[in-house]
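A.B. asks: Next come the chains, spelled out residue by residue.
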Amino acid sequence: MSDQAKVGIVLVSHSAALAEGTAELAGQIGGGTVTIATAGGTDDGRIGTSIAKVERALRLADGGAGVVILPDLGSSVLTVRALLAEPEDLPEPIAVADGPFVEGAVAATVTAAAGGDIKAVLGAAEEARHARKL
Amino acid sequence: MPESCEATVTLTGDLHARPAGALAMAAAKFESAVELTAGTGRADGKSVLAIMGLGAAGGQEVTVRATGPDAREAVAALIDILTEATRVGS
Chain A
0 MSDQAKVGIV LVSHSAALAE GTAELAGQIG GGTVTIATAG GTDDGRIGTS
50 IAKVERALRL ADGGAGVVIL PDLGSSVLTV RALLAEPEDL PEPIAVADGP
100 FVEGAVAATV TAAAGGDIKA VLGAAEEARH ARKL
Chain B
0 MPESCEATVT LTGDLHARPA GALAMAAAKF ESAVELTAGT GRADGKSVLA
50 IMGLGAAGGQ EVTVRATGPD AREAVAALID ILTEATRVGS
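As you go down the protein sequences, you meet chains A and B in turn. For the first sequence, numbering that gives the first Met the number 0 begins at 0 and goes up steadily by one. For the second sequence, numbering that gives the first Met the number 0 begins at 0 and goes up steadily by one.
Keep in mind that the hints are not guaranteed to be accurate.
To be verified - Partial pick of chain B residues on the chain A-facing surface, computed with a CB cut under 10 Å:
| no. | residue |
| --- | --- |
| 1 | Ala16 |
| 2 | Arg17 |
| 3 | Ala19 |
| 4 | Gly20 |
| 5 | Ala23 |
| 6 | Met24 |
| 7 | Ala25 |
| 8 | Ala26 |
| 9 | Ala27 |
| 10 | Lys45 |
| 11 | Ser46 |
| 12 | Val47 |
| 13 | Leu48 |
| 14 | Ala49 |
| 15 | Gly52 |
| 16 | Gly54 |
Please keep in mind that the hints were generated in silico from the structure rather than gathered at the bench. The model shown is predicted, which means the values in this text are computed figures rather than measured ones. Even glycine gets a Cβ: it sits at the ideal position worked out from N, Cα and C.
From just these sequences and the hints, can you work out the full model?
C.D. replies: Have a look at this one:
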């Protein structure tokens, strides 16, 4: 199971620091075997999102088993959708997860690390909304 | 009739995020359903978030229960991780 390609993760955030910190956290909990690429902030380093950064992250995260994208807030979805509307030479398959950013990233990474397919990784990210922390 | 197996361990340290990830990843390798119990809390052993949500602390007993064809192996693997990964200082 461990020698097959793993699903990649792309974290899309309005903040580069938020995306990178979440990737670092999820990577540590997931044992560091999953590729987590980030697309945080605008092209000139402000708070916002960037189609070019999402595109680059998708290519980085692709290991042949597909990529799950986690947007931090609803408006990141607009940027992702704009890119996916014209998917030229993007990895396949790609799924966008409707779930909490931190919990979703951690659950998706652990599921991908365990060899889960794109459906399982997407499911883990979305199921994260039901996880209680208290 | 699926095989069922369980074992209990007393944590030597708190069950933090990294061991929770290690437990979920190990549990996912088994076909059996795996459940962790700590106090009144129950968690799906394949869900890292549920395991963290247990809030299991050092000194507390955690029971691992597995049901399925590889239940025995699943319980052994998870007990090992609980014993190793929650050692104080790790």
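A.B. asks: Take the hints in turn and mark each one as holding or not.
C.D. replies: Quick rundown of the hints versus the structure:
1. Interface hint status for Ala16 of chain B: upheld, as the beta-carbon distance to the closest one in chain A is roughly 5 Å, under 10 Å.
2. For Arg17 of chain B, the interface hint holds, since its Cβ comes within 10 Å of a Cβ in chain A; the closest pair sits about 6 Å apart.
3. Proximity of Ala19 of chain B to chain A holds as hinted, the smallest CB-CB distance being about 7 Å (cut-off 10 Å).
4. The interface hint given for Gly20 of chain B holds, since its Cβ lies 4 Å from the closest Cβ of chain A, which is under the 10 Å cut-off.
5. Taking 10 Å as the C-beta contact cut-off toward chain A, the hint placing Ala23 of chain B at the interface holds, the least distance being around 5 Å.
6. A distance limit of 10 Å between C-beta atoms decides the matter here; for Met24 of chain B the minimum to chain A is near 5 Å, and the interface restraint holds.
7. Annotation: Ala25 of chain B was flagged as interfacial toward chain A, and the flag holds, the nearest CB pair being 8 Å apart, inside 10 Å.
8. Given hint, Ala26 of chain B at the interface with chain A, holds; its Cβ is 8 Å from that chain's nearest Cβ, closer than 10 Å.
9. Because the closest C-beta pair between Ala27 of chain B and chain A is about 4 Å apart, less than 10 Å, the hint holds.
10. Interface restraint check: Lys45 of chain B against chain A, minimum CB-CB distance 8 Å, threshold 10 Å, status holds.
11. With a least beta-carbon distance of about 7 Å to chain A, the hint placing Ser46 of chain B at the interface is held under the 10 Å criterion.
12. The interface hint given for Val47 of chain B is met, as the beta carbon of that residue sits about 4 Å from the closest beta carbon of chain A, less than 10 Å.
13. Annotation: interface hint on Leu48 of chain B holds; nearest CB of chain A at approximately 4 Å, less than 10 Å.
14. A distance limit of 10 Å between C-beta atoms decides the matter here; for Ala49 of chain B the minimum to chain A is near 6 Å, and the interface restraint holds.
15. The beta carbon of Gly52 of chain B is positioned within 10 Å of a beta carbon in chain A (closest approach about 5 Å), and the interface hint is therefore held.
16. This hint holds: Gly54 of chain B has a C-beta 8 Å from the nearest C-beta of chain A, less than the 10 Å allowed.
This entry satisfies every hint, going by the numbered hints stated previously.
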